[in-house]
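Student: Just so you know, the protein sequences line up as chains A and B, in that order.
Under our numbering, think of the first position of the first sequence as 1, with each following residue one higher.
Under our numbering, think of the first position of the second sequence as 112, with each following residue one higher.
Keep in mind that the hints are not guaranteed to be accurate.
To be verified - Capping the alpha-carbon separation at 25 Å, the derived lysine to aspartate or glutamate pairs in DMTMM-like fashion look like this: (1) Lys103(A) to Asp138(B); (2) Lys125(B) to Glu198(B); (3) Lys177(B) to Asp138(B); (4) Lys153(B) to Asp11(A); (5) Lys103(A) to Asp176(B); (6) Lys153(B) to Asp82(A); (7) Lys175(B) to Glu133(B); (8) Lys3(A) to Glu170(B); (9) Lys153(B) to Asp138(B); (10) Lys125(B) to Asp138(B); (11) Lys152(B) to Asp82(A); (12) Lys52(A) to Glu66(A); (13) Lys103(A) to Glu170(B); (14) Lys125(B) to Glu163(B); (15) Lys69(A) to Asp11(A); (16) Lys166(B) to Glu133(B); (17) Lys103(A) to Glu14(A); (18) Lys152(B) to Asp11(A); (19) Lys125(B) to Asp199(B); (20) Lys175(B) to Asp138(B); (21) Lys103(A) to Glu55(A).
In short, the hints are calculated from the structure, not lab data.
Treat the numbers as computed from the prediction; the structure is a model and nothing was measured.
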Amino acid sequence: DAKTTQPTSMDCAEGRAANLPCNHSTISGNEYVYWYRQIHSQGPQYIIHGLKNNETNEMASLIITEDRKSSTLILPHATLRDTAVYYCIRYSGAGSYQLTFGKGTKLSVIP
Amino acid sequence: GAVVSQHPSRVICKSGTSVKIECRSLDFQATTMFWYRQFPKKSLMLMATSNEGSKATYEQGVEKDKFLINHASLTLSTLTVTSAHPEDSSFYICSASQPFLAGGGEQFFGPGTRLTVL
Numbered sequence: 001d002a003k004t005t006q007p008t009s010m011d012c013a014e015g016r017a018a019n020l021p022c023n024h025s026t027i028s029g030n031e032y033v034y035w036y037r038q039i040h041s042q043g044p045q046y047i048i049h050g051l052k053n054n055e056t057n058e059m060a061s062l063i064i065t066e067d068r069k070s071s072t073l074i075l076p077h078a079t080l081r082d083t084a085v086y087y088c089i090r091y092s093g094a095g096s097y098q099l100t101f102g103k104g105t106k107l108s109v110i111p
Numbered sequence: 112g113a114v115v116s117q118h119p120s121r122v123i124c125k126s127g128t129s130v131k132i133e134c135r136s137l138d139f140q141a142t143t144m145f146w147y148r149q150f151p152k153k154s155l156m157l158m159a160t161s162n163e164g165s166k167a168t169y170e171q172g173v174e175k176d177k178f179l180i181n182h183a184s185l186t187l188s189t190l191t192v193t194s195a196h197p198e199d200s201s202f203y204i205c206s207a208s209q210p211f212l213a214g215g216g217e218q219f220f221g222p223g224t225r226l227t228v229l
């Protein structure tokens, strides 16, 4: 059970911002939100993670709501190479450090 | 970021044979590595957690005698699919973690191995 909810698919025009939502309404106080993506037939790639504050790195921005029940991954200028399945994952770091992948969102960037 | 390699990238074998897949962390030491399996159009499913120098921990429903995992060093874990059958055909992916980083959930994934059993 991934315990996060994401839309099955989304389209985004090339050059525009892609905003990928994730619902994690039952998240615990010690759980981080991690985002990974998987381009077809490749291993997943780490994108970003956060706990409470918004985060930004060279790949994306992560906006977490104040109540932490949902978050949005933002790719500021989507390119065709950003077409992938994006996974939002809750992670507490306790025990065995496992990641549980849900079904993710298939993002298609359209020329 | 850290790099994880897998070898081979593709393998085709006959039913009943065994196949070994290697997972290496190239520029960092990984005390913990994970093995996942992914069927077409499905998400990744964790098969086992591999800790250096100890026995792997298998997820429910994964046969430990069929999927042998060895984590003999801090940079190498191997998965051996024994007596492979066509239903074992899948995309096998390993990852390595550095749990002491902030958050601890950043895993570095290999490129995957496509196994086809005829």
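Student: So which hints don't hold here, by number, going up?
Tutor: 1, 3, 5, 9, 10, 14 and 20
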